[in-house]
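Protein chains: 2
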Amino acid sequence: MDERIREHAAVLVDWSARVEDGDDVVLSAGPDAHELAVAVAEELGERGANLLATYSSGEITRAYLTARDDEDGFEEPAHERALLEAADVYLSLGGGRNTSATADVPGETRQKYRSARKAVREARYDTRWVSTVHPTRSLAQQANMSYEAYREFAYDAILRDWESLAEEMGRLKTLLDEGSAVRLVSQNTDLTMRIDGRTAVNSAASVAYDSHNLPSGEVFTAPYGTEGVVAFDVPMTIRGEPVEDVRLEFEDGEVVDHTAERGEAVIGDVLETDAGARRLGELGVGMNRGIDRYTDNILFDEKMGETVHLAVGRAYDACLPEDESGNDSAVHVDLITDVSEDSRLEIDGEVVQRNGRFRWEDGFESEDGRSR
Amino acid sequence: MDERIREHAAVLVDWSARVEDGDDVVLSAGPDAHELAVAVAEELGERGANLLATYSSGEITRAYLTARDDEDGFEEPAHERALLEAADVYLSLGGGRNTSATADVPGETRQKYRSARKAVREARYDTRWVSTVHPTRSLAQQANMSYEAYREFAYDAILRDWESLAEEMGRLKTLLDEGSAVRLVSQNTDLTMRIDGRTAVNSAASVAYDSHNLPSGEVFTAPYGTEGVVAFDVPMTIRGEPVEDVRLEFEDGEVVDHTAERGEAVIGDVLETDAGARRLGELGVGMNRGIDRYTDNILFDEKMGETVHLAVGRAYDACLPEDESGNDSAVHVDLITDVSEDSRLEIDGEVVQRNGRFRWEDGFESEDGRSR
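As they're listed, the protein sequences go chains P and L. Residue numbering for the first sequence follows this note's numbering, beginning at 1 and increasing consecutively. Residue numbering for the second sequence follows this note's numbering, beginning at 1 and increasing consecutively.
Keep in mind the hints are simulated off the structure, nothing from the lab. Backbone N, C-alpha and C define an ideal beta-carbon position, used for all residues, glycine too. Heads up, a few of these hints could be off.
[To be verified] So the derived list for chain L, only partly shown, Cβ under 8 angstroms to chain P, looks like this: (1) Gly22; (2) His34; (3) Val38; (4) Ala41; (5) Ser57; (6) Ala63; (7) His79; (8) Leu83; (9) Glu148; (10) Glu152.
[As the list claims (entries may be wrong)] Have a look at the derived ranges for each label pair, beta carbon to beta carbon: (11) L:Arg137 x P:Asn144: 31 to 39 angstroms; (12) L:Glu108 x P:Ala318: 43 to 51 angstroms; (13) P:Gln111 x L:Glu361: 53 to 61 angstroms; (14) P:Ala78 x L:Asp196: 38 to 46 angstroms.
One chain only, chain P, in its complex shape (with noise of 0.2 angstroms):
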C-alpha cells in the first residue's frame, strides 16, 4: 500500500476525527476509496474504536432513486437514523467511480430524497464527522488531470502540517472576530461587507476546530450588509453548468446585479431561489498552499492558498451569535476568486493580506512598499 494512504487515514483519525478506545464509528467508504477504507480500519484497530462499514455508491443511489415511484415519496430510513443517533464518529470516504453517476436523477427525486433523510442527516451532523476524498481515476478525470500526477495533487493538499496551519490561521480569525468591517479589493472588484457580532471558524479539518472537511485550510465568517462590486475569476461547474467570470453588484446587502462570461443563466436561476439568495452567507478566506491549482472540486478549490470565496445563500450556524438565524436559504453556491496578485483584503481599514501574503508573512508589503 502506498504509505500516503497509510498517512491520510492516521490524518483522518487522529487529527481530524480525534478517535478515542471505545468510539462506535461508522466508515462510509466508496466503491473506490477501498484502500483507504483498509488503512483507516487499521488505524480504528489501533485505537480500539468499534467499526462499521457502510457503502457510498452513486450507482446504488442512481438505481433505488430512479426505480422509487416518486409519487409515493421517501420515507425516512429509520434503521439508518439508529444507527447514527448510536455512532459517536462518522468517517465519510469518497470514491465513486463516475463523478456524474447520478446525473439522470431528476432534481425533484433528489429533493425529495433529501428532505426524507433530514433526521439521519441531523443525526450525522451530531456525531464527530468528517468528509474526505480518496483520490480516484474519476475525480483526476474530473480535474483533467493524470491519475498520477492527481494523487500527487490530493496528498499535498491533505498531508499538511495541520496544528502549525491552524495556529496560522487562528491570527486571520482573531482578526475577523475582532473586526467590523472586511473590504477586498482586487482587479474589477471592490467590497466592503460587515462582520462585527459574527464568529469565524477557523477550518483547519478537524472536530476540535469545528471543521469536517478533509483537506481543508480556509477561515470562513458569515457577513452581511454588502456593498459595491465583486468579480470571481475560478472558473468551476454549478449545478452542472460550466461558470466562467461572474460578476455580482450589492446594495444595501443585496444581489441588484449580476454577469458572467458563461453560464449567466445557471446564476440567475441560484440567485432567485429565495430571499436569502441574494445575500452572502459566506466570506470564506482559502489558506491551504497545499492547493496550487483548480480542479473544479470545491472541497478543494475553495481552500486553496491565496484565494477569496463567497457564498451566496444560507449562513453556518457556527458563524452566528446564539440567538440568530443568520442568512436563511434553501441554496450555499461559493465562487472564488484569486488574490494572488494586484489584491489587498482590509479588516477595520488594516490590510490585513495583499498580493496573497498575509501580513505576518514573508514577503508581505506594508502600505508604503517595503516587504517585511
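With chain P held as given, fit chain L onto it using these hints.
Just chain L, lined up with the frame of chain P:
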C-alpha cells in the same frame, strides 16, 4: 447489466426475503458484489423499501482485527446493534476479491471478535435475513473454474423454479416429520439415525420456509442415536485443510472411530472440540439439481441434488421440540456423500430415495427393480 444479475436480485428480494413496502433493509455488499448490489437497490426501490448499504470486506476485517490489541478483547459495537435491531430485512451479498483475505488472522482473535458480536448476530437473526453470493472471479478460482463457467454454474443454482422445488421438498419434509428412523445405505455406508420428535426444515431459499441461503435446496433435520458407519466421498476444505474420504463409525450416537485418506488430523481436531462434536447435529438431503458439481463451497456443495450430508456438532433449533436444546456444540462441520449410485435412503424401512431418485420421480426403481 447481465440479465441474470437482475433475475438474481428479483429472486432474492421477492422469493427469499419477501420484501414489502416500507421495510427497513440493510444491504451488505462485498467489494466485488457491486453489480448485484445495484440490481438489488433497484428492486428495493420498486418495492418502496428503505435502503442502507453496508460494506463487507475481508480485507477491512483483517486490517481491523490484526491492528486491535488482542489483550483488550473486543466490545460490542452498539451502533451496529442499533442498526440491526431497527432493521426488518438483512441481505448479505457475498463477493470478495480473495476468499483467503483473512487467512492470517489468528483463530483466537476471530473467536474473541465473534463473541463480542453475539448480540449483533442475534439481532440479525431476528430480521428476515438472507445470505447469497455474487459469482466473482475469486469464487471461480476457489472452484477451479473459469469466470464464465462459474457464472453459468452459480446462476443455474440460484435461478430455480423455487416454488415447485419447495413443493417437492415439502414431500420429503412430511416423510421425515412423520418418520421415526432413517437408514442410509451406500458404498461403505450403513447408518441408522433416530428422528422421531424432530421437525425437518424445507430449506427452499426463503424466509417463508425458515431458510436463509440463496441458493438453497435441501431438507434437513436433527438426528440422534446414530449407529453404524458412514463414508463421505465428496472432497472439501475444512479449516483450510483439504479433506478426502472421511469415514466415521458411530455407537450409541457418538463417533467411536474416524479415518480419512486426507485431513484425518483436522477431523480429529473437530471431533475433540467438545462432547457435542462427536454427535450428529444435522442430516441434510441435497435436492438442488441446478448444482451439478462440487466447488469446495459448502453453500453450494451441500445443496447439490443426489447428495446427503451429515454435520457433527450443533443442531438447528428449528428442528427441535421447543423445550429441547438438541445437540450443543461450538462446532457444526458438514461432510457430504454422493448418493447417485448404489445408494438408498430409507425412512422406517421404506425406500424414499434410490440411486439419487426419489420415489415420486420418474426413474425411481422400486424394491422389485421396476422403474416408475
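Results of checking the hints against the structure:
1. Gly22: 6 angstroms, holds
2. His34: It holds, given that the least Cβ distance between L:His34 and chain P is near 6 angstroms, below 8 angstroms.
3. Val38: 5 angstroms, holds
4. Ala41: 4 angstroms, holds
5. Ser57: 7 angstroms, holds
6. Ala63: Holds, about 4 angstroms.
7. His79: With a minimum Cβ separation of about 4 angstroms from chain P (threshold 8 angstroms), the hint on L:His79 holds.
8. Leu83: 4 angstroms, holds
9. Glu148: 23 angstroms, violated
10. Glu152: 25 angstroms, violated
11. L:Arg137 x P:Asn144: 31 to 39 angstroms: 33 angstroms, holds
12. L:Glu108 x P:Ala318: 43 to 51 angstroms: With Cβ atoms ~47 angstroms apart, the hint holds.
13. P:Gln111 x L:Glu361: 53 to 61 angstroms: Given a distance of about 57 angstroms, which is inside 53 to 61 angstroms, the answer is holds.
14. P:Ala78 x L:Asp196: 38 to 46 angstroms: Check passed, 45 angstroms falls within 38 to 46 angstroms.
Hint violations for this structure: numbers 9, 10, all remaining hints satisfied.
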